[in-house]
Structures are given as C-alpha cells and as structure tokens.
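Engineer: Line order of the protein sequences matches chains A and B.
With my numbering, the residue at position 162 of the first sequence is 162, and numbering never jumps.
With my numbering, the residue at position 683 of the second sequence is 683, and numbering never jumps.
No lab work stands behind these hints, which were simulated from the structure alone.
A couple of the hints might just be wrong.
Heads up, incomplete: computed chain A residues facing chain B, CB under 10 Å, no partners named [unchecked claim]: (1) 20; (2) 179; (3) 181; (4) 182; (5) 185; (6) 251; (7) 258; (8) 265.
Note that the structure is a prediction, hence the values are computed from the model and not measured.
The beta-carbon is built from N, C-alpha and C at its ideal position, and this holds for glycine as well.
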Amino acid sequence: MNYSRPKTLGEAARALAVSGAIGLAGGTDLLVHLGRDEAWPPGLVDLKEIPELHGIRSQDGIIRIGAATPLSQILESPAIEDFPALGQALRSFAGRAIRNRATLGGNLANASPAADTLPPLMIHEAVCLTQHRRIAVADLAVAPGETMLRPGEIIVSVEIPLPPKDAQSFFVKLAPREAMAIAVVNLAGLIVQSDGEVVLARIALGSVAPTVIRAKEAEEILEGHTLTKDAISQASLAAAEAASPIDDIRATADYRRRMIARLLNWELGRYIPNT
Amino acid sequence: MNRKSKPQTVGRRHIREDAEAKLKGRLRFLPDLRLDDMLHAAQLSSPLPHARILSLDLEAARALPGVVAVLGPEDIPGENRIGVIIDDQPLLAQGKVRYVGEPMAMVAAESAEAARAAVAAIGFELEELPAIFDLDQVEAQANEPIHEEGPIAVHQKLRKGSVERGFADADVVVEAELVTGLQEHYYLEPQGCIATPGESGGLVIHGSLQCPFYVQRDVSRATGLPQSRVRVIQTPTGGAFGGKEDIPSEFCARAAVLALATGRPVRLLLSRDEDFLSTSKRHPFRIRGRLGATKDGRFTAMEVYQDAEAGAYATLSPPVIYRACIQGAGPYDIPNVKVETRAWYTNQVPNGAFRGFGSPQACFGHERLVDLMAAELGMDPVEIRRINLLREGGETCTGHKLDESVGALETLERAAEASAKGAAEEEAHFEDGRWLFGTGHAAMIYGNCLGKAGWHMDGAGAYLQLHADGSVSCATGLTEFGQGARTVVQQMAAEALGIEPDQVSLMPVDTALVPDSGPTVASRNVVMSGNAILNAAAKLHERLAPLREELGDVSFRKLAGAAYKRNVNLAAEGWWHVPELDFDLKKGRGEAYFAYSFATQSARVAVDRITGNVRVLKVWAAHDVGCAVNPAGVEAQVEGGVAQGLGWALTERFAREGGNILARNLSTYHLPTAIEVPEIETIIVEEPHSQGPFGAKSLGEPVIIPTAAAIAAAVSEAVGAQVSEIPIRPEHVLELLERGGHDSNAL
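Can you build the whole structure from these sequences, using the hints too?
Structural biologist: See the structure below:
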C-alpha cells in the first residue's frame, strides 16, 4: 500500500486519482475498518498537511471551516456560539479522544446516514467547497457511504451562513448510551418566528433513511402559521412519515419512527410563544 | 516490631500492590509477549451452527509457504476432549459441528498472515442439520438432537416443605414470567496463550487465565503428557469475570498440541472480534415463578422454574445451574420452596462461567416476585423484605439452619435508610414532566466458595518462607485478575505474622511454585487463601514460640534472625478446605454452602417518558462481607460489579440472528461508559463468620448480583408497571409507561 502525505491540493488530487486510493483525515472511521472488515486500499492519501484544509474563518456572515479541522478545535472556537445545534452535535460526537482527531470533512465524506454533524449543517444549509465547485451538504451523500465527489475531488472547507438573529435551533441525539455511540435517531431543527408566525422552519433527520434528510413536508406545515401544539404535532408526524428507517442492531424501525415524532414534538414545543 | 503493638493491617485501606505498574502502563500482558522463534496459531471455525462434517482436507494448507503445521482432530496425541465436568466437548470438532465458531482444525505458521492464509486454504464439506437457536425451540430437539444424551445438559432440584400446602396457606399469590439476556465478559485482553516446548520434553504455558491448574489438567489430557510435565504460568490478566475460568484450557491445549508437533513456541491469540464471536457468555434465563404470602406479608411458599440456555456444550453449566437453583428463592426464610433449574443445549456458543454463576439471573427472578407481591399487597418493598429476610437461627431455602453471620437485615436497613435520604439531589436537573423517578431495592444471598457440588476441589494451600530478616515470601495457588486479591492476600499474610504488608512478597502464580488450590472462582480467593495462610502462619508461630520465650520482647526481625541461626524450619506449608457439608444433591436439601454473604442494593433511576431511556442516578450497595480486609478494595469491587450489573440491566443488548452473533465489539455491544455509571455508595456490613479468615466472606460476585434487580425495581416504581425483562429495552419501557398510565403522547 502506498501512503502519501501531500502538501498541496494538486498533489493530493493526483494521488487520489489512482484507482482505489482513499483520502485520510482523522482516520477515526476509516482506520477502524481497514484491516478488519475491509482490505487495505492501494493508496492512502493523508490530507492533514494541506494548509487550505485548516482553520476557521468568519467573513461576511459566513463561517468557513477547513475540512481537516478536528472537531474539538471547532468546539473551542468562538464561532460555534452562533450555531448552538452544531455545538450540541459536536459535544455528543463519540468522545473527546475521537473528537481530537475526527474532522468535519471526514464526517461529511464518510457519508454515514447517522453522521452527527450532518443534521445541524443541513438546517443551516451549509455548503462544501471542493477544488472545483460548491456542493450543498444536503446533496453530498447519495447513499450510505457514498458521495457525489468525483475521483480526486477533495472537500476543502465547509461554509455555514450565519442564521437570522432571532433563529432558534436544536439538536437531539438518541443513542444506546450517552457517549461513544452511533445514533438511533439524531435530528436538528431551526425555527424563526416573527409577529407570532413561523417564517422559517428547517428540520433534518439522521439515522432514519439511507442519507440524512430534510423533512420538507414538516417544515411546510409550520411555515406561515402560528407555532401551536397542534401544528407541532402535525409537523412531527409528517417528519416521521418522511423517514424510511430500518431495523438494525441498535433499534427497530418502528421505534425510530416513533422517536422522530416524539422528540420533535418535545423540542419544537419549547418554542411555542408565551401567551 | 513488637508483638504487642501488632500492626493490624487487616481492616485498613491499602493501595493495590499492582496499581503503579498498571497505571504507568509498565505491566506486560500476554499480547505484549514475544518469544524467539515463536509461531503463530490460527483456527478454522465452523461457519454453520449445526452440521455433519463430511470431509476435512488439510493438504493444500500444509503446502503453503510459512506454514509449519496444520492439524485436525486425528492429530491430537492425547484425548480429543475438554471440559471441566461433563465430557461432551471435543478440542477440535469431530463428526459434527454444533455452533458457529467451533474450531475444526488449527494451524501454526511463521506469521499471523500465513496462519490465516492456511486456515482459508483448508478444504471441508459440511452437511447442514436443523439447528436449535434459543429456549423457544429447545423442546423440538427430538428431530436432530445436538447431543445423543438428550436436550437437557443439567437439571437441579430444590425441595423444602410442600409448596402445595404453602400456596393453600397464602392469602395472595402472584406469578411472573421473566427473561434475562446474554452478557459478554469483555475482559481487557482477548483470550491468548503461548505454549513452549520445555527442555525435558514437557511444556511451559504462559496464558491470560484464572485457573492454572485447570489448564494443566486439560493440556495434560490433550497431549498425553503427565501433569507434572506441564508448567502453567499466569501472565497479568486484565479482568476475567469467569470468562477465563475454563475457556483458556481449550486455547492452551490447542497451542500445546501445536507446540509439541512443531517443537517451537506457539502463540494462539484471538482478535477481539474472534473472541466475542466464539467464547462463552452469561446464560440467558427464562424464569416462571409464583410467590404466596399472607395478608400481613409473610411468605408461605415460593415456586420457581428456571430454564437456562447452555449453548452447544455443557462446559460450566453444572455449577451455574447448581447455584441458580440453590439461591433461586433468595435470602428469605420461607417454609415451602420448590425450585427446578434446567440448562438446555442449543446451537450457540457455549454459555459458561460469568460473575455470579447464575445468581444475578436467579436474583432477578426472586426479587421481581417479591416486588410484585409488595405491589399486590400495597406494602412497602422494604417492609416486605424486612419481614421475610433470613435472620440468625433461620433456615435457608435448602433448610440450612444459620447459626452465625447473617447480615441480610442490616444490609437492607442501611441501604434503605441511605437511599431514602439521598434520592432527591439530581432531580432538579431534569426537565419538568418529561422524567419519572423511582427507587428500587434488591436483596441477595450468596453461598461462599464451591458448595457441596464442588466440595471435592474446595481446598487451597499456601507456602510461607520466613527469611532471616523477618520478611516473608508467600505463595498461594489462587490468581489475581483484577479483583485486588493479591493486596488482600499480602495483608492477611502480614496480619497472620504480625508484620507490615510491605514485608510480604507474593510469588507469581506458576504451577511449579504454588500449591494446587483449585480454581479461582466462586469468590473464594480471600476465604481460601486467607485460611491456608493462617494455617501456615500458625505452624511458624509454633516453631518460633520457644525462642520467643527465651528472647522475650524482641522485634520480629530479631526473632527471625535468631531462628535462622538455630536452623529452625522457617518454610511452612498451609492448607485449608471447606468443612464437610451435609447436603442431599438430589433433593437440594441441607448445607449447600458452608457460609453465606448477604447484600442489599438500592437504585434510584430517572425514566424518560419520551424515549423510554433509563438513567441510573445513584446506587447504594450494602454488603455483608464478614470482614473488610481492605475497605478500599471492597469499594473498588462494588463499583466494578455495579457498573457491570448496570450494563447487563440496561445497555448491553446482545443481538443474535440464528446462530450468528451480530454484536462483536464496543461499537455494537454497548458497555456502559463513565457517563452511564452513577455515583455508587458502598456500605460495608461486617457480620464475621467463624470459619472465614478474620471473619471474611466472599465478595467478588455478590457485588453484581442484586444490581439489575434493583434497577428493574426502580424502573417499575417510576413507571407504575412491573419490568419483566433484562436488558430493559426502551421499547419495553414505552409499553410499561403505557400500562402504568404514563404515556407520553400527551407531552
């Protein structure tokens, strides 16, 4: 196996163009699988020394996070304060030792349907930047473990637009235990209310479909209306309806569906205006 | 040191003698050991749960580069048999395979990769047979029995009085059907050993193990070597929990056969996944029980039927079934008791020894019945236990009259009192309306050491060598695998001689150096080693007595020096065995064990009405240990046991599909983390036993026994309906919430 540690994007892209070569960032998922249930690839291209893939910058209402930035570094950055749902997701991500190595770009490229950073990135309509183009985070994963990235294409950074000032957001992770566990359900929501009406609603659901999904029907039920118990209950059921969960070692499909409705119901209920 | 100002090290808190090396990462575990010229072993495992072996072709594998030996069942020089009690298990499958993962052949090669490649090159044909996967199917075994002898591996009965009469006397009768799940030991390092041919035609085995003398016997049996030619050295063992009781004997025997065949050291080391998929688990139980009581809460009869899944071979099902049966009706004084316990064969990995030996399952059974009765009578669960718990002069469920050391009631009172005071603290942190809270209690009885069924091997020895400077070398045959036993042994030896523990050095456990003391199981180390040491120390004191008289009040060091110069024999050998037990094995009547430990644990939980998740807020563990030789060690044992019990109760869902295990490592088998394990308050109760060293009784297993039952009771109280399954799955909790009228749809 050929291991390389390129210093530029160009070198990295050339190394990755070799058939079967895989990009390596934190390695917290990849290295666990390689040598256990997957064969070593012909090439492993370590992306951690490419300068463009590092750092957190804030400019013109957009936060840009380098794809190889370790999650714990994102958590320590003051920029995270504007994205409480993302902060919550990062805090519930594995454990500290893994957060010290795992990267945001790695979590995206891994394309797990249970990826904890995806629901919060999707409610903020975050975008990945590769060498060539911008890809909405929501479009990146096409199937479990598969993305639309082309051979040699590298996620360089992730841009997250600042939410409206009065936005309220949340992230919930339900897992067999509180740390070091893959989600049974993880979901994020964002609500903006103005003059007693929901003007913006975004809901993203993880671990309940082949990829993390937006619950558009649920969002539409909420938008343009007053946030009431009834509306929330309808939206929560619509979200559960949008999911296509499976039975697996962690939970049954039925339980997952019920949890989407119940958790959303509870979380959205916090934002009902005081009358 | 002056005899009159005895150090009294027993009862003082001591830092574990192995703590520093472990904390600094200096200790070398088996996977860290490499010998010159060492070969790597690998095993061919059955891919099918039940099949006839039509052919096995080893030639292609033998021809591969780097392969030194490929052996099948015909190549075993001794007997192709292993097993402690029932002779039903081959070292390598012959004729039939009975579970997925059963070894069929083995390889020794120059590298682990070459060994794996050789395994892949072994040719074989299997004819699949109908298989039995769980207790639902065991009755169907008549079609294609797993073993010719029938579907039941072990059957134990207990009869006291007449349950018919007892239920007739009852005002209220409750019944329950209960289920407990599998559990993986998850010791730190996977199973492993290195077998090395010795110079005189014998073998030296290094292994991560609990019972070196079991290994010695099984290696001897497989190789045909006399036991004296098989030397077994225990390497530091990072937890075992019963998982390294009999299982290492298999691996050591296979490595031994390969070492003899090749004339070179052979290492057999499982990966974590292999270990998870192919080694023993805790027996899952189905329990049906009935409990009768008078209106004022006095028990009149308890009837319990326990069905356990043995897996493909009996292995240690006999002692598991014996203990589950004997303790099946709990620590109560009940005039009429019937318990019937059976272990059934299935086409699964054999279930075996696991901390508690069936006791946590049995405890879940009797404690759920007691809570059901309390609910039925509208009685406080503490009060109903207070009425019925054993007291001095009372009779156990086997009719054993207890004249001493019955701390059951004190453990109940202290756990109940502490849990009543400390319960409210954390509740403020939980959101209004979403969480329900409950406290539960569970009591247990634990028969110390092996009991009547294992009496023939319930003896232990100790060697003490007093040196001229007053220090002591001490060798005992029971092992350390994380319990903190060596520290306690050191303290007891120091106490017995009236010196400081740092003057006592413990020998490594090596069958060439230490007395055969039987297996290190059944929480017997402290009791057995302690008594053997006291016996040896008494001999030394007797030999020193004349000199002591002559020299008067001198230090122990001077005394030892003087004795040395007079050629006094300063090497003493001690022995102790469990007193004879008057017990009828057929009826389960009489003295099942020589002494009993008691405990009550209380748990406080919060239940999430939305998700059905359970969080344990605090556990109070009151244990009657007779004498806490090292109170810090008692606390450490309690904390470890409670954490393990919590995992079994809540997070450790063991997924299987047919004969395949789906969970295989920490990402799919959820051990509790530090977040799930709450504050644990240890309450030490000391009701000394006259036969225990310094009054001490067993502790290592009792610590896990009541935990799951206490958590189940707490969840039941919180949700207003009775938990009937372990592990308590969120889905089950949601059903219970609905039944208890706490459905969260309204939230």
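Engineer: Take the hints in turn and mark each one as holding or not.
Structural biologist: Cross-check of the supplied hints:
{"no.": "1", "hint": "20", "in the structure": "20 Å, violated"}
{"no.": "2", "hint": "179", "in the structure": "5 Å, holds"}
{"no.": "3", "hint": "181", "in the structure": "6 Å, holds"}
{"no.": "4", "hint": "182", "in the structure": "7 Å, holds"}
{"no.": "5", "hint": "185", "in the structure": "9 Å, holds"}
{"no.": "6", "hint": "251", "in the structure": "8 Å, holds"}
{"no.": "7", "hint": "258", "in the structure": "8 Å, holds"}
{"no.": "8", "hint": "265", "in the structure": "7 Å, holds"}
Violated hints amount to a single one, hint 1; each of the other numbered hints is respected by the structure.
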